[in-house]
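Q: Protein sequences, first through last, are from chains A and B.
For the first sequence, numbering that gives the first Met the number 0 assigns the number 0 to the initial residue and increments by one for each residue that follows.
For the second sequence, numbering that gives the first Met the number 0 assigns the number 0 to the initial residue and increments by one for each residue that follows.
Keep in mind the hints are simulated off the structure, nothing from the lab.
These figures come from a predicted structure and were not determined experimentally.
Where hints are given, some of them may not hold.
Which copy is meant is left open, because identical chains are indistinguishable; a pair holds if it fits in one copy or across any two.
[As the list claims (entries may be wrong)] Dumping the calculated DSSO-like pairs for lysine-lysine here, alpha-carbon to alpha-carbon at most 30 Å:
hint: 1; residue 1: 170; residue 2: 2
hint: 2; residue 1: 98; residue 2: 2
hint: 3; residue 1: 347; residue 2: 266
Protein chains: 2
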Amino acid sequence: MNKYWSNFVNTLSPYTPGEQPEDKGFIKLNTNENPYPPSPSVIEALNTVSKENLKLYPDPDARLLKEEIANYYDVEQSGVFVGNGSDEILAFSFLAFFKKSKPILFPDLTYSFYPVYCNLFGIDSILVPLTDDLSIELSDYYQENGGIIFANPNAPTGRCLSADVLEELMKENPETVVIIDEAYIDFGGESAIPLTRNYPNLLIIQTLSKSRSLAGLRVGFAIGNTELVGGLEKVKNSFNSYPLDSLAIVGAVEAIKDKDYFEKTRKDIIETRKWLCGSLENMSFKVIPSQANFLFTSHPSIPAIELYGSLKKMGILVRHFNTARIENYLRISVGTRQEVEALEKALKFLLAHGGV
Amino acid sequence: MNKYWSNFVNTLSPYTPGEQPEDKGFIKLNTNENPYPPSPSVIEALNTVSKENLKLYPDPDARLLKEEIANYYDVEQSGVFVGNGSDEILAFSFLAFFKKSKPILFPDLTYSFYPVYCNLFGIDSILVPLTDDLSIELSDYYQENGGIIFANPNAPTGRCLSADVLEELMKENPETVVIIDEAYIDFGGESAIPLTRNYPNLLIIQTLSKSRSLAGLRVGFAIGNTELVGGLEKVKNSFNSYPLDSLAIVGAVEAIKDKDYFEKTRKDIIETRKWLCGSLENMSFKVIPSQANFLFTSHPSIPAIELYGSLKKMGILVRHFNTARIENYLRISVGTRQEVEALEKALKFLLAHGGV
Chain A
0 MNKYWSNFVN TLSPYTPGEQ PEDKGFIKLN TNENPYPPSP SVIEALNTVS KENLKLYPDP
60 DARLLKEEIA NYYDVEQSGV FVGNGSDEIL AFSFLAFFKK SKPILFPDLT YSFYPVYCNL
120 FGIDSILVPL TDDLSIELSD YYQENGGIIF ANPNAPTGRC LSADVLEELM KENPETVVII
180 DEAYIDFGGE SAIPLTRNYP NLLIIQTLSK SRSLAGLRVG FAIGNTELVG GLEKVKNSFN
240 SYPLDSLAIV GAVEAIKDKD YFEKTRKDII ETRKWLCGSL ENMSFKVIPS QANFLFTSHP
300 SIPAIELYGS LKKMGILVRH FNTARIENYL RISVGTRQEV EALEKALKFL LAHGGV
Chain B
0 MNKYWSNFVN TLSPYTPGEQ PEDKGFIKLN TNENPYPPSP SVIEALNTVS KENLKLYPDP
60 DARLLKEEIA NYYDVEQSGV FVGNGSDEIL AFSFLAFFKK SKPILFPDLT YSFYPVYCNL
120 FGIDSILVPL TDDLSIELSD YYQENGGIIF ANPNAPTGRC LSADVLEELM KENPETVVII
180 DEAYIDFGGE SAIPLTRNYP NLLIIQTLSK SRSLAGLRVG FAIGNTELVG GLEKVKNSFN
240 SYPLDSLAIV GAVEAIKDKD YFEKTRKDII ETRKWLCGSL ENMSFKVIPS QANFLFTSHP
300 SIPAIELYGS LKKMGILVRH FNTARIENYL RISVGTRQEV EALEKALKFL LAHGGV
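Extracted from the complex, chain A is given alone in its bound form:
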């Protein structure tokens, strides 16, 4: 609280990202990063691109990247928006589409940045509770609203709705913008991007941080109707002409281009998730069915907060949320097979000894 701040700053409750420890010795299964490095062609391009040209501003429209994304998803280039991570695109989208007289709708348990944006931009919201098994029940969203947003697969649960089911929502909700945050869609879900052809109020947001192994490069994108993207461009160009730096554009282009590496790494993660899910269930964990690169899980006898603390002492970071309804769950990112085997070993030890 400071007399020089705008009043609303006092009321902000910023988002808390997962720990990014300076100690690089941890097995890091807490922020849903990809355990594999970026594609070798990304690394090659970043190593060889001229750094002398960093004296010049980047292309403010990042046309090369938009073109690559448009080709990959078979959409118009004018229907592609890019930003400094999907977080920036979410922020712009809340401003561009959700500053309405009616409250927006999102699940009580989903990406916890959504209420932070509402707070920042003065947007009213209604939290729609997940069902008892932590599912999104779409008919709960068939009500007046200023917009709808959720993650699919949802976070931190990992549950995923099919595109067919999502189309029902679009049919029921033609008047306001629906944003589907597909940060985790490449790990087994079905993208709703094809629906953007028929529904001018549907915006899909994705990121290169997870399935493209580029969390460190901060690149996200959105796909939707040209006019929706036009609204985002107006907000972006009223905020920062050049949100993507020249190296981020180069790296992102190569990441989208290298389809083989993308297919191989996401398949490996899906297989490791399957193995880890079986391993956890063998140890009596309850595991929510996940189409994401993480598992949301609880144990019948050891509280999640204790497991979190014990694992941290043993050099393994997982994510625990101090949030009603899910305080007894851990969110575990799917690492390499070696990393999740180390996790299994640690959990077996903890279950046998009741802690460290």
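Fit chain B to the given chain A structure using the hints.
A: Frame of chain A, contents of chain B only:
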């Protein structure tokens, strides 16, 4: 205009950055980029840093960079804020400090992104006219306000106020935040950073895009009282946890570290500016005294818009603003000696032949 947009989106008038032509053959003197490449140590660091680690999120606080900036300017690390270019920091600052009941004050002619932020965030403003010779008269700002901002040196004029003069403003204006945008301060001006020790309502914003030759890497920083910076951190953490990517942090750290290269290149630019100023005056141009890496100039007989168009045909880009009071000026970035000699040759031809 689209029915899905928030109403205010229809009223936005986005900022128009200078042209970034795809044709790399132009002599580019239009966006105040540095004509010299970044320091060799920046290039070396960017070439050798592990790209494998881009799979991990960056440090959300960019501590290594804040530490380097704090050391360089001899301020507390908690008084340093970093962002995705100074534009992002300006946007956060308008939200954090200028969303007040009273209008903010800024010059009628200054960085043209300021009115865009007001528009975006619903902030009232009063434009304070520059004097007839395009100077800022500080006593014009001794009035009730919700905040004050201007660039020093001012853009597009290049005129610079001394820190002593700025201290008078701080004494007169203790109740609201004063932001001095020092994007161009390293080309001959005197930074007001030392004043931040005594004035808790003073925020200085700088960029690595100009004097550090890193426009392509998108890094800016702000220095001020710890509580002011705390307000910025709250807004930033409600918008994007990781605005600076891992490579931008690495490059920026090295750019701040290499003091010798910084001193040499800024000295070279100052010398070239002096040469270009003399050259323009020899051709009867009126040149406003500049402490920036650009000159603001008009010719008594040939309209600026014509010169702009003719130079573009001859492969030289300069900036022309279609703005009342300055429509007969050109803003010319100070390039290398070779580039400004080519400009001189082109102008001599145009003055002799009355156009191309």
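Q: If a hint holds in the structure, say so; if it does not, say that too.
A: Hints, one by one, checked against the model:
1. In the homo-oligomer, the alpha carbons of residue 170 and residue 2 lie at most 30 Å apart only across protomers (17 Å), although the nearest pairing inside one protomer, at 48 Å, exceeds that limit.
2. Taking the shortest Cα distances, residue 98 and residue 2 sit within 30 Å of each other both inside one copy (27 Å) and across copies (13 Å).
3. For the homomeric pair residue 347 and residue 266, the shortest alpha-carbon distance inside one copy (27 Å) is at most 30 Å, but the shortest distance between copies (65 Å) is not.
In summary, the structure agrees with every hint in the numbered list given earlier.
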